[in-house]
Amino acid sequence: MPRRTMIEAIRDAMDVMMSRDDDVVVFGEDVGYFGGVFRATQGLQAKYGTSRCFDTPISELGIVGIAVGMAAYGLKPCVEIQFADYMYPAYDQIVSEAARLRYRSNGQFTCPLVVRMPTGGGIFGGQTHSQSPEALFTHVCGIKTVVPSNPRDAKGLLISAIEDPDPVIFLEPKRLYNGPFDGHHDRPVTPWSKHDLGEVEDGHFAIPLGSAAIRRQGQAVTILAYGTMVHVAQTAAAEADIDAEIIDLRTLLPLDLDTIETSVKKTGRCVIVHEATLTSGFGAELCALVQTRCFYHLEAPIVRVAGWDTPYPHAQEWDYFPGPARIGRALIETLEA
Amino acid sequence: MPMPDQNLTDDTMSSRREPVRSPEPVPLKLHVPEPAVRPGGKPDFSNIRIPRAGQVDRPNVDVDAEAIRDLAFSVIRVLNRDGEAVGPWAGALSESELLEGLRHMMTLRAFDARMQMAQRQGKTSFYMQHMGEEAVSCAFRKALLPGDMNFPTYRQAGLLIAGGYSLVEMACQIYSNTHDPLKGRQLPVMYSSREHGFFSISGNLATQYIQAVGWAMASAIKNDTKIAVAWIGDGATAESDFHAALVFASTYRAPVVLNIVNNQWAISTFQGIARGGSGTFAARGLGFGIPSLRVDGNDYLAVHAVAKWACERARRNLGPTLIEHVTYRVGAHSTSDDPAGYRPKTESDAWPLGDPVIRLKNHLIVRGAWSEERHKQTEAEILDTVISAQKEAESYGTLHSEQRPTARDMFEGVFAEMPPHLRRQRQEAGV
Numbered sequence: 001m002p003r004r005t006m007i008e009a010i011r012d013a014m015d016v017m018m019s020r021d022d023d024v025v026v027f028g029e030d031v032g033y034f035g036g037v038f039r040a041t042q043g044l045q046a047k048y049g050t051s052r053c054f055d056t057p058i059s060e061l062g063i064v065g066i067a068v069g070m071a072a073y074g075l076k077p078c079v080e081i082q083f084a085d086y087m088y089p090a091y092d093q094i095v096s097e098a099a100r101l102r103y104r105s106n107g108q109f110t111c112p113l114v115v116r117m118p119t120g121g122g123i124f125g126g127q128t129h130s131q132s133p134e135a136l137f138t139h140v141c142g143i144k145t146v147v148p149s150n151p152r153d154a155k156g157l158l159i160s161a162i163e164d165p166d167p168v169i170f171l172e173p174k175r176l177y178n179g180p181f182d183g184h185h186d187r188p189v190t191p192w193s194k195h196d197l198g199e200v201e202d203g204h205f206a207i208p209l210g211s212a213a214i215r216r217q218g219q220a221v222t223i224l225a226y227g228t229m230v231h232v233a234q235t236a237a238a239e240a241d242i243d244a245e246i247i248d249l250r251t252l253l254p255l256d257l258d259t260i261e262t263s264v265k266k267t268g269r270c271v272i273v274h275e276a277t278l279t280s281g282f283g284a285e286l287c288a289l290v291q292t293r294c295f296y297h298l299e300a301p302i303v304r305v306a307g308w309d310t311p312y313p314h315a316q317e318w319d320y321f322p323g324p325a326r327i328g329r330a331l332i333e334t335l336e337a
Numbered sequence: 001m002p003m004p005d006q007n008l009t010d011d012t013m014s015s016r017r018e019p020v021r022s023p024e025p026v027p028l029k030l031h032v033p034e035p036a037v038r039p040g041g042k043p044d045f046s047n048i049r050i051p052r053a054g055q056v057d058r059p060n061v062d063v064d065a066e067a068i069r070d071l072a073f074s075v076i077r078v079l080n081r082d083g084e085a086v087g088p089w090a091g092a093l094s095e096s097e098l099l100e101g102l103r104h105m106m107t108l109r110a111f112d113a114r115m116q117m118a119q120r121q122g123k124t125s126f127y128m129q130h131m132g133e134e135a136v137s138c139a140f141r142k143a144l145l146p147g148d149m150n151f152p153t154y155r156q157a158g159l160l161i162a163g164g165y166s167l168v169e170m171a172c173q174i175y176s177n178t179h180d181p182l183k184g185r186q187l188p189v190m191y192s193s194r195e196h197g198f199f200s201i202s203g204n205l206a207t208q209y210i211q212a213v214g215w216a217m218a219s220a221i222k223n224d225t226k227i228a229v230a231w232i233g234d235g236a237t238a239e240s241d242f243h244a245a246l247v248f249a250s251t252y253r254a255p256v257v258l259n260i261v262n263n264q265w266a267i268s269t270f271q272g273i274a275r276g277g278s279g280t281f282a283a284r285g286l287g288f289g290i291p292s293l294r295v296d297g298n299d300y301l302a303v304h305a306v307a308k309w310a311c312e313r314a315r316r317n318l319g320p321t322l323i324e325h326v327t328y329r330v331g332a333h334s335t336s337d338d339p340a341g342y343r344p345k346t347e348s349d350a351w352p353l354g355d356p357v358i359r360l361k362n363h364l365i366v367r368g369a370w371s372e373e374r375h376k377q378t379e380a381e382i383l384d385t386v387i388s389a390q391k392e393a394e395s396y397g398t399l400h401s402e403q404r405p406t407a408r409d410m411f412e413g414v415f416a417e418m419p420p421h422l423r424r425q426r427q428e429a430g431v
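Line by line, the protein sequences give chains B and L. Residue numbers for the first sequence follow the working numbering, beginning at 1 and rising by one. Residue numbers for the second sequence follow the working numbering, beginning at 1 and rising by one.
Calculated from the structure, these hints are not laboratory results. Source: prediction; values computed, not measured. Mixed in with the good hints there might be a few duds.
[What the hints assert, rightly or not] Selected chain B positions facing chain L (in silico; Cβ < 10 Å):
hint, residue
1, 23
2, 52
3, 75
4, 92
5, 97
6, 165
7, 295
8, 332
9, 337
Beta carbons are placed, not taken as given, at the ideal position from N, Cα and C, and that holds for glycine.
Here chain B stands alone, though its shape is the one from the complex (with noise of 0.2 Å):
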């Protein structure tokens, strides 16, 4: 099987899409004939034509309330927010017209539509280019939100996202572009050609939204990660030597409340991880749930390991990050607990 990285995975779904369906169409700033700024649209502009793959001027809002129009006329635009940093001028254009155009006109105008965001850090980006804002998404009724964590999910959840009929908002995280990144910024990164999940399918594959994957089995504590904190995870457990099951949630919204119900309930114990900050993260949603769901079965705390409540910074970055030695010892501490 073909290995990819996560930009060519990414670059492969829209090239599926594209080629399966006439009313897919991609645009965004420098998405054209550059080919996006990570080069997630390259070649799709010469393959499929200047009307269906296009420079937009610099205005989010514009690229998506653009698209809400499309997507309301019957096409299935899957656009570029350059970084998920930007897309505040466009936020009420997704909150207020894609979430709810469907309910508001019961279902005479729908919107299909799919905003990709480059997300998270780890990449020097400071405060502009590195935040994650998830929970701006799942706490907005009408939409669902997607964090893929390697190639191959990035592949089959993109090619679902673009078939939904509803708007998904679709965090990409940049860190991860190349490669898995373990969390030890100063060691070298390991290309996706080396990991197994860098192993893509070719042509069209769905990997169904609302279904999260156990990344690696164990017994003494349930992880709850996504995105870049996957992989941070699965090293923090290894470099603790902790027998723990990390759940990749793949899908914040809708949620696989299932697994991650049967997981806790066999270890007892549960660690959040997220990158983004702590007070209304989406971990906190994760908590609450959790509790609500395993309260019975909890033998400590839920614990959650986030980015510190303080805009991203800059030289301070691995400062912030929520890396393999905080998650370490959150996990320690449940276990003592």
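Dock chain L against chain B, hints included.
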């Protein structure tokens, strides 16, 4: 004294001159525009320059935007003071079409009056009427073809009435009753009818403007023949969505007509707050190279003629057109405000463009196609039709009656397929 023109010399010269001294600092002052008059004052519209009917040229539809810059500062008018249709924009409508147009405007006015009253009687929570602006949406609708899509705001119900939408369904939406086509999910008057080319009204302002451009772009991408029509009020042109729409419409030459309904008031805020230093709202389009026109929004014939011109441009792939409809909101913004608190009570009487219904009525009388008597008779007939539609709608319930969409309906339609968490919540609600 500093010599400001010293700065205008070229680099080689200025390097040899004395350094320019800064002028004495002047205390800065914030400019906040004010309307000409406030409550208690004498209404004054002398600032609105209104050319005689028939005076403005009708350019070819493929005209360059630059060549018609003056149309963004003038007002296209067809009906003159004597009720005659004059000038190059006249003559597009037959007598029967004009009679139909009059009927649509009268229906909208009668419907508004009944629904306004229904709100006062507690049958619904909220209403917004069109008084004075009926020509804008009623006339524009007649320039559209099946399949075209409007992206309206809350004061274009004439698009529905002139498009043949059922008054009963409109009233059911307003009452949020069991027959509400939107299942009680939307505030009254936030209609939606795909079938009638009427996009779901958001209730947020301006969001629809950029969406219309996207819809038009989609039509162009698919080599379709349908066009989109965007609607916005004077106040909401200040939103970023409006400006983004102009950028995208200009860049991609989208087949869209961009309408601004300037009814002079954004709730209590006069149009000068949104317009700022720009001469007119239409002038906003000039920087984008979009042909921009102003039209007498109280002149059914003028609105229709300009709409047709703009729609033809879109259909012929000539790109967007911006139209400012100069009109006046005679009534309150909604059932939630009282205009006496922010403008003179008699201001609407002083509005120089008159009443759209009376002007079309007079024109038809001048043509010999209508009479005061027939008008009164028709008014009574229309009122009967509206009342019977209202009664039928009320038989399906009003807002606070028992006949309303169920709590179970509330959980439907958030997604195409109900996700597990919502299913659990619905179970918890016991519905």
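Structure-based check of all given hints:
At a threshold of 10 Å, the smallest CB-CB gap from residue 23 of chain B to chain L is about 8 Å, leaving the interface hint in force. The interface hint given for residue 52 of chain B holds, since its Cβ lies 7 Å from the closest Cβ of chain L, which is under the 10 Å cut-off. Look at residue 75 of chain B: its Cβ gets to within about 5 Å of chain L, closer than 10 Å, so that hint holds up. Of the supplied interface hints, the one on residue 92 of chain B holds, with its beta-carbon coming within about 7 Å of a beta-carbon of chain L, less than 10 Å.
For the restraint placing residue 97 of chain B at the interface with chain L, the shortest Cβ-Cβ distance is roughly 5 Å, inside the 10 Å limit, so the hint holds. Checking residue 165 of chain B against chain L: minimum C-beta separation of about 4 Å stays under 10 Å; hint holds. Because the smallest distance between the Cβ of residue 295 of chain B and any Cβ of chain L comes to about 17 Å, over 10 Å, the interface hint for this residue is violated. Hint status for residue 332 of chain B relative to chain L: violated, with the closest Cβ pair at about 32 Å, above 10 Å.
With a least beta-carbon distance of about 29 Å to chain L, the hint placing residue 337 of chain B at the interface is violated under the 10 Å criterion.
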